Structures are given as structure tokens and as C-alpha cells.
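Hints given; two lone chains; assemble the complex.
In order, the protein sequence lines correspond to chains W and B. For the first sequence, position 272 matches number 271 in numbering that gives the first Met the number 0, and the numbering has no gaps at all. For the second sequence, position 140 matches number 139 in numbering that gives the first Met the number 0, and the numbering has no gaps at all.
If you're looking for bench data, these hints aren't it; they were derived computationally from the structure. Note that the structure is predicted; figures quoted are calculated from it, not measured. All clues stand as given, with none of them false.
Straight-line C-alpha distance at most 35 angstroms; calculated DSBU-like pairs for lysine-lysine: (1) K14(W) - K229(W); (2) K23(B) - K85(W); (3) K77(W) - K23(B); (4) K49(W) - K36(B); (5) K85(W) - K49(W); (6) K46(W) - K4(B); (7) K4(B) - K36(B); (8) K49(W) - K4(B); (9) K46(W) - K23(B); (10) K85(W) - K46(W); (11) K36(B) - K23(B); (12) K77(W) - K46(W); (13) K23(B) - K281(W); (14) K49(W) - K23(B); (15) K49(W) - K77(W); (16) K77(W) - K36(B); (17) K23(B) - K52(W); (18) K23(B) - K289(W); (19) K36(B) - K46(W); (20) K229(W) - K281(W).
Rough simulated footprint, nothing fancy, chain B against chain W, three-plus residues with beta-carbon under 8 angstroms: (21) 38 to 51; (22) 109 to 119; (23) 134 to 141; (24) 178 to 189; (25) 380 to 394.
Glycine residues also receive a C-beta, built at the ideal position from the N, C-alpha and C atoms.
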Amino acid sequence: MNLVESILARASGRKSVEPGEIVIAEVDRMIMHDLSGYMTARVYDEKVSKPLKHPDRVIMVFDHLFSPPREQEAEVLKSGREWAAKYGIRLLDCGNGNIHNAVARNGFIGPGMVVVGSDSHTPVHGALGAFAVAVGNDCHAGMVFPHGKAWFRVPSTVRIELSGTLRAGTTPRDVALWLVSRIGEDGAVYKALEFGGPFIEALGLFDRWLFPLITVDVGAKCGYIEPDEKVFEFARAANAMQCWSGLEIAPRHERRPEAVLTYDVSSIEPQVACPPTVGNVKPVSEVAGKSVQWAEIGGHGGGRVEDIRMLAQVLGGKSVHPAVRLNVVPSSRAVFKQALDEGLVQVLHAAGALWFPPSTGSNQSVNMGAMAAGEAMISTHSRNFPGRNGSADASMYLGSALTVAASALRGCLTDVREML
Amino acid sequence: MSDFKFQGACWTVGDYIPTDQIIKSHRFFLPMAEIAKFVLEDENPRFAAGVQRGDVLVAGRHFGQSSGRAIAVKALQATGISCIVAESFARTFYRNAFEVGLPIVEIPGIGAAVREGDVLAVDVPGGEVAIERTGVALRGPRTDPFLLDMLRAGGVIAIGSRLAGSP
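For reference, chain B alone in the conformation it holds in the complex (with noise of 0.2 angstroms):
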């Protein structure tokens, strides 16, 4: 869809989820396609499992928290989600989502209005999501314009020497 607007079915985890348990580090030497089958596989065992390209993961307070390893966000950007919608990420999980350019969304909210397999339509940079189900429509933060503009180049890598003003 354009410009980071997103329309598919959740999958749905809990509060306080550390990058630990997203993929555990006994995996990291995986090719990444090895990787996305133990996503989040105490966490969410059906949804490495049943995950299809273009679904939306859903999850609740500070996700992504404890070690900032930017793998993490590249084994969920594997299993072919679109998009991340959360009460709230753990800051390093938020700015490496952007920097490999996963979209990623704060929604307070969302996990008491979803279930598992909602159909959602998810709006990144306006920071709206509608739950097809209830037709009940929440909304977070926009995503900063900094941020989007990274996300559509790819991420970091693609702009660093824009961003440092240096050939």
C-alpha cells in the first residue's frame, strides 16, 4: 500500500516483550530465512507458524525492551509482516525499526481492542489504526517526519551521508 498505509490480519502478543525473547541468541548464527521460523516462539508459537507476507503483529506495552540488538527488528521484518503496532516500544527497538526500515506504530489501546486474527487497516504516519471487526478506530502519535523520510529510503544505511552532509 502507499506511503506506509497498511491493511491485514494481527497476530497478538503480551506487555514487556524483550528482544530476548523475539529471537533468542543461540539462533542469531542462522541464515535469516532459518531465523523467522523462531520468531517470538515462547511468546507466540503459532504465529512464526502461520505468519503470511503483508500480516501485522500487534503488541502490548515497551516491546522490544532489554538489549538493543537491531536483529530483533531484522527477524521480524523477515517473516514478511508489514507493519508493528504496540502501546509502546522500548526505545532502541523504536529507533532500529526505523533505521532498517520496519514500519512500526504507538497505539495506546490496541491491546485490549484487538483479537487475534482482527483484520486491521494501519495508517503509520498519521498514527491511526481501525479494527475492521468492531469498526472501532484508535490513534496514537504521528510518526515524525525525520523518521518517515528514513523509512522511505529503506533505512539509515540508504541516507547516512545525507544525514552527515558528507559525500
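With the rest of the complex left out, here is chain W (with noise of 0.2 angstroms):
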């Protein structure tokens, strides 16, 4: 078996388990946000009658949400902070970041775990070695409230083995990406898709973090990376490890997955994802002199301190083009505690760069991010439909956190190997 196949074994009591089967498994960690939880918990008291069985698996985090703009998103926060207080569940209110990265650095997620979410990007928390997967509301407020497990159809798994080094001006961000592109948006529908090879062991655990986090866009279930020790020593520090004993995974040789897909990494150039989907992977220098008033650093996989350093490497000594607003919004509270340690909050402020709360930032402009007609942003999101942030006819780009600096600089998107 491999990770996820003896992560499933384990958690439905059972010695293993085959692609295919469908498994009812015991849930180690539920998470939901402020409004995928304001949902849940309605269906919840409208429709299941039972208790809460395991209240100290379930994370509620307010992340679409810092400050509510009006009486309605204010009233959306009030009834979780009363739900959650009701059923004796862990809030993370306003400013604590965005789920994802607030549930992993406040300890809540460790490798070997069975974790679901409503987020589509739950999947994310395969970075740690966990099996994570996106569920709906009906699942958990019907199971996993309930009983504390959720059912599961063991996945047929696809290993996606990457090699190589990256060219200056090209970071993991654009080779997640260009993956996308590769795979293409249902060209792995159900799959778990595993990461490995030379070039994912040598990056650190939030880089790592993007490979898991595209797999909703190229349809599989889950993604994940076998955790070694940089995984391990994140989650000792986090005290995250109770989930991983009593698993069998065989070594690799012993395994066979559905398929390997080998790429090199080493020619890849800084891509950019265009409107309308995901899946619209261009190369930067393709769409380069496309002028933007937005420029963004945040999101599920964007306010890393690794994003904010990249922006500060560009932006050091030099000023935001005035016709672009730049954001800058934190994955997580530890993280802007780093960027202020760094001073890195200081460069990119004298650069002309906002600083927003840690939170999912721009993220279907909830809170902030939204476009009217004709304008553009180009940021480190993960989503980019028309409708999304605003106006339908406004256009979203997606890049790394290089191209989002450099396109800040120029006003237009810019391709960063012109400035490096």
C-alpha cells in the first residue's frame, strides 16, 4: 500500500485496502472556513439530531472574512462564534490567516492524518502527509458531526516524478502551474496524485505545499508528498505526529501506481495562468504588456514568507507603478511575524506595497479584491473565473510572486528575467 492507501486502511479498521473499494473511515481533523461553515452548520441543526461526536477534531477559521464589511457578513461571523461556542469546537476568529495555513501552523494537521474540509483546496494538507480530501456540507453534517467518519473510495494513485533545477526567474509556483497545464483540468479525475522525485525532495515544506494545492484543478481527490524529516521536524515542533504510527507502507519498488508521469523541470519559463480557467497556462512572455491595476500577494498558496521575500527581492529600493495598487496579505500570523523579524515589512512598505490581515485576502472578494470592468490583477490566487473577484469582464491572472513584483513595478504583466 502506499501513503494513502494505509492511511485509509488504518482509519477504517481494516489490514488494507485496494483502489476502487469505498471505505468508511474515521476522520482525524474536519476544517471548514467562515462561510463553508456558516453553510455546514445550518444543515447541521436543520436536518441531524445527534451530538457532535469528536467536537475536538473540528476547526472552524474566519479567513474569507478579517472585518466584515457590512451587517450581513457580520451577522455570518456572529452565528459561527455562537455555533462554535455551542458545540465547544476550536474557532480561529478574524487575522489568524487563511485556513489552510492558519490550520498548519497552529498545529492542527500532521502527517498520517485523515483530514476534510469543504475548501476545494483541502487537498493542500498532503504536503504534511496526510490523506486530505474536499467534502461537501451534507457529508459533514451527516457523518463526520455525527459519527466522526466520512466514506471514501480508495483512489487509484498517479506518481508525478520531477527532475531537474530551475532556470533564474522560474520558482516552484510556475512549475505547479505548468503541471496544470500538462495534466490539464480533468486529466486526473478522481486520482491521488503522489510528488516526488529529486526535484519536490529538495524543496522546503511550503514550497512543496503548491503541488498538493493544484490537484482540484486537474480533478484529483488528494495529492500528497511521503513526509520525511523536514516534514517531520515541522510537525514535531507543531506537536502533529499522533496520527503517524500503525501505518504499512510498502517502499517504493513494491508499489505500483496507475501510472508515472516523469517531467524535467529545468526549461520551464515563469508562466502565468489567463482567464477563464485555471488551465489557461501561458508563458508570462506570451501575454506580457497586458496592463494590470492590481497586484496581489495571497491566498491558499500565495502570503508565504517565501512569496513576500521573492516580492522584496524586486521591489527593495523601488516604487510600486503608480496606476497599480499592490497587496500584500499574509498567509498566517506567524508568517507576518517573520516578514516584520526579516524587515521585510518595512521595504515593501517604503516600495509602496499595503499590507492587509492575514486571511484568504482577495479570494472571491468577500472582503476586499474586487475588479470593475476592464480592469486586471495579477496574482499569487488560485482561482482566476470571470465573476470571481467582481466584474465578470475584469480579468484575473495567476504567477508567482517574481511576476507578480515585477508586473507591479512595469504596471503591465512583465516577465522577471528581464529585471534579474
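Structure below.
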């Protein structure tokens, strides 16, 4: 068995599982944000009349809203707080960061866990060696809350083996975007994606993060990287190793993934996902010159300290183009603290950047980030569908922090290699 | 119709439609009957205005991608459609549909074979669609018995205790 098969076997009390089987597994962690939490709570209160079995396993994070702009949103947060208090579940209130970074940074995710959440980027926790899957409100309300369990079809696994060395100006996020275009938006439906190879092994945890993050965009059920000492070190410090035992993972040469896709990253240029979908990925050089009014570091995969450092590397001592607003949204409080300690807050403030509270930033423009018709944004966000950020006639481009920085400086989509 | 076999006129939409476009997030707080009036408002404005109870929605590839919100399925259910036929579905949408009790079926080739308004006979358990106008019948994978069981119960909440093996 591979990592996800052994986790599912352990969690369902079976000796082994096979791809295609349906299992009922114990859930170790359930995460929900302000919007999904509100809807899940409503379904549970209206349709399920059983007590919440394991309140200690459920975490709610207010991340789309960092400060409610209207009464309606204030009511959503108020009802979320009341619900959390009523059932005794842990709440990370406004300003703690985006859901996935906040729960990982606060020690709620560890290797070997079964993690479910209604946010579609929940599979990102595969970076920590968890089996992490997005499931819907009714499953949370009807199975996870009252029974602490969920049903899963055991996925078949595709291994993605990456090797090579990045060119200057290309970052791990460019590789992840490039992979979406290679695999295709429905190229891996229902699969588990195992990311590995020397390129992945050399990355730090929050660069690895960007790979399980994209699994939803190629249709996959989950993605993961086998945890190694870097992950164990993070998980031990976070006191999150409790599910890393009782797993029977076969050595790699004994495993038979459904397919192995091998890629060399050495010739990949900086990439950008253009509207209307995440799969519409092109080299930045092909779309350079398109003017942008907004630039943002933030989102489920952005706002890492790695992103903020790249921004400072390009913008230090310079000024953001006068026609561009550059928003910086740290992914968690820990990241903001790190940016403070490293002097990055000062450097970027001087360059004209605007700092926002740790949150999901302009994701779905719930609290910020709406655009008028004809406007465009370059960001490290994960979604670019028309209408998600204000007008359906506005454009969202997704790229690396280096591309965001270079574009914010010039006022248009820019290949950062021209500045290196 | 009995055991998830349906007959109805169809409405069509294209490929790669995200849940954001099925129902926009600023509509979430409306009552469900109101939400139903805005389903697929940009993708096919005729649909919400003209849909009749028992109609069939036909979609392209990877329908319901992006955010895994169950409200996208519930909003479609609230329009009164009997089922959805698509080239393929995003996995969160697929799971949510069975979990809330909306029958759906994957039929490769359906997009090119139908015109909006065609009357379709859909067999969800058998994975088959027959198009009245052309006489063409198309096949996809049969629906898993586990998921049919969930549909018959009306969704996962009704059988949560049984699946979990606890009272």
C-alpha cells in the first residue's frame, strides 16, 4: 500500500484496501472556514439531530472575512462564533490567516491524518503527509459531525516525478502552474497524485505545499508528498505527530501506481494562468504587456514568507507603478511575524505596497479585491474564473510572486527575467 | 419515473463550468426558491427563466469544477430538473450530487449529440441516454450501487448512521 492506502486502511480498521473500494474511515480533522462553516452548521442544525461526536477534531477559521464590511457578514461571523461556542469547537477568528495555513501553522494537521474540509483546496495538506480531501456540507453534517467518520472511494494513484534545476526567474509556483496545463483540467479525475523525485525532495515544506494545492485543478481527489525529516521536524514542533503510527507503507519499488508521469523542470519559463480557467496557462513572455491595475500576494497558496521575500527582492529600493495597487496578505500570523523580523514589512511599505491582515485576501472578493469591468489583477491566488473578483469583464492572472512583483513595478504583465 | 429513469426536454451548457458560475457567491444568502432563479445566470440565461419540473440539464466536460460547495448542487436541484447528464463531472460536484440526492450520470459524447430542447430518456443506474429526435443512444459507466443506495435514501444524511455503523 502507498501512503493514502495505508492511511485509509488504518482509519477504516482494515488490514488493507484496494483502489476502487469504498471504505468508512475515522476522520482525524475536519476544517471549515467562515462561509462553508456557516452553511454546514445550518445543514446540521436543520437536518441532523445527533450530538457532535468529536468537537475536539473540528476547527473553524474565519478567513474570507477579516473584518465584516456589512451587517450581513457580521451576522455570518456572529452565528459562526455562537455555533462554535455551543458545540465546543475551536475557532480561529478573523486575522489568523487563510484556513489551510492557519490550521497547519497551529498544529492541527500532521502526517498520517485523515483530513476533510469543504474548501476545495483541502488536499493541500497532503504536503504534510495527510490524506486530505474536500467533501461537501451534507457529508460533514450527516457523517463527520455525528459519527466522526466519512465514506471514501480508495483512489488509484498517479506518481508525478519531477527532476531538474530551475532557471533564474522560475519558481516552484511556475512549475505547479505548468503541471496544470500538462495534466489538463480534467486530466486526473478521482486520482491521488503522489508528487516526488529529486526536485520535490529538495524543496522546503511551503514550496512543496504548491503541488498538492493544484490537485483540485486537474480533477484529482487528493495529492501528497511522502513525509520526510523536513516534515517531521515541522510536525514535531507543532505537536502533530499523533497519527503517524500503525501505517504499513510499502517501499516504493514494491508499489504499482496506475501511471508515472516524469517531467524535467529545467526548461520551464515563468508561467501565468490566464482567464477564464486555471488550466489556461501560458509563458508570461506570451502575454507580457497586458496592463494591470491590481497586484496581490495572498491566497491559499500565496502569502507565504517565501512569496514576500521574492516580492522584496524585486521591489526593494524601488516603487510600485503609480497605476497599480499592490496588496500583501500574509497567509498566517506566523508569516507576518517573520516578515516583520526580516525587515520585509518596512522594505515593501517603502516601495508602496499595502499590508492587509492575514486572511484569504481577495479570494472571491468577499472582503477585498473586487475589480471593475476592464480591470486586471496579477496575483498568487488559486482561482481566476470570470466574476470571482467583481465584474465578469475583469481579468485575473495567476503567477509567481516574482511575476507579481515585476508586473507591479512596470504596470503590466512582465517577465521577471528582464529584471534579473 | 421509477428507479431513476427520466424523460424530459434538455437545456445545454458548455465545458469546464465552475461552481462559481452555477450560482454566484453573492446569491448564497437568498432563500432557495430565489436562488433557483439565478442558476447558471451567465452561462445560459434561458435556463432559469424557462426550466420546467422534470427537465434535464446537459453539460460538457468537468462540470462543477473549482470550489466544492454543495450549494451549487442544491441550487440546481431547486430548479426542478430531474437529473444532469455531462461528459464528465468534477469529483466534488459528483460526490455532492449523490450526497444531496440529485441524480447525475456521465455520458461521453453527449455534448455533440444533443441540441437544446431535445427530449432525452435517461437511465441513471444503467448509464444510458437515448435522444428522441435522432434515435441515437449513448452509454457511459453504470452508476455504482453504493451511490444508487444513497440516491434512493435521498442523500447521505438519511443513511449516515447506517454507513457509520452506529445508532
